[in-house]
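Chemist: Assemble the whole structure, with the sequences as input and the hints as a guide.
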Amino acid sequence: MKSQLIGLLMNSWISFSLALYFHSGEREEKCIIEDVPSDTLVIGNYKVQSWDIREQDFLESAPGLGMFVTVTSPSAEVILSKLYGPQGTFSFTSYLSGEYIICFQSNYTRLVSFPGSRLRIHLDIRVGEHFLDESVLQAKDKVNEVNMRLEHLIEQIHHVSKEQNYEREREEKFQKTSEETNSNILWWAIVQTIILISVGIWQIKSLRDFLISKKLV
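Just so we're aligned: the sequence shown equals residues -19 to -1, 1 to 198 in mature numbering (1 follows the signal peptide of the UniProt record, and there is no 0).
These aren't lab readings, by the way, just hints derived from the structure by calculation.
No residue lacks a Cβ here, since even glycine has one placed at the ideal position from N, Cα and C.
There could be a bad hint or two in this list.
To be verified - Using 25 Å as the maximum straight-line C-alpha spacing, the simulated DSS-like pairs for lysine-lysine come out as follows:
| hint | residue 1 | residue 2 |
| --- | --- | --- |
| 1 | K157 | K143 |
| 2 | K28 | K63 |
| 3 | K63 | K11 |
| 4 | K154 | K143 |
| 5 | K28 | K11 |
| 6 | K196 | K186 |
Stated by the list, open to error - Label-pair distances were calculated between CB atoms; the ranges are:
| hint | residue 1 | residue 2 | range |
| --- | --- | --- | --- |
| 7 | G6 | L131 | 43 to 53 Å |
| 8 | A57 | N125 | 41 to 51 Å |
| 9 | I175 | S19 | 40 to 50 Å |
| 10 | H4 | A57 | 37 to 47 Å |
Modeler: See the structure below:
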């Protein structure tokens, strides 16, 4: 019963992942931005398909096709820069919270010979997810299996807690920025009012002095 309950929780657990695909030209760099809390594991899986101009369809692979993967931290530090094959898996652990820039650039040069040719990149990014090795689970007895699934579930709970703390930090930062902006707008309005009043007084005084000098009053 306990094992079934854990299995139900694991199946219904929300997966923090991003799955998409995009097109890229020859030697063209494509980047995405992933907002990641600190001390969080990020795993990316990708697969590249090349466009066949004769078949008018995407092929699963092409000879010599590779992909440069570059990851830049919020502090503009390159923490990953590596050439992979037509499909692969990359991973990194964030050392501070913020927006990480993940860029892809192919080393494929045959596309230049075929105008309109392109690559399709399928990408699946998982944030803060640790995978269970099912083969290891099958080799263990039921008690150890339950313990491993419990540990995995606890890790996921810690990740959710970390995500919530990060969202609270972002909310506090946004609120502080909004308050500073509102304060600046208020002071600017006060300064504008003072300037308008000063200009009005100066114009009235100038007009009065002019009328006096012309002996009109």
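Chemist: If a hint holds in the structure, say so; if it does not, say that too.
Modeler: Hints, one by one, checked against the model:
{"no.": "1", "hint": "K157 x K143", "in the structure": "holds (21 Å)"}
{"no.": "2", "hint": "K28 x K63", "in the structure": "holds (15 Å)"}
{"no.": "3", "hint": "K63 x K11", "in the structure": "holds (15 Å)"}
{"no.": "4", "hint": "K154 x K143", "in the structure": "holds (17 Å)"}
{"no.": "5", "hint": "K28 x K11", "in the structure": "holds (14 Å)"}
{"no.": "6", "hint": "K196 x K186", "in the structure": "holds (15 Å)"}
{"no.": "7", "hint": "G6 x L131: 43 to 53 Å", "in the structure": "holds (48 Å)"}
{"no.": "8", "hint": "A57 x N125: 41 to 51 Å", "in the structure": "holds (45 Å)"}
{"no.": "9", "hint": "I175 x S19: 40 to 50 Å", "in the structure": "holds (45 Å)"}
{"no.": "10", "hint": "H4 x A57: 37 to 47 Å", "in the structure": "violated (27 Å)"}
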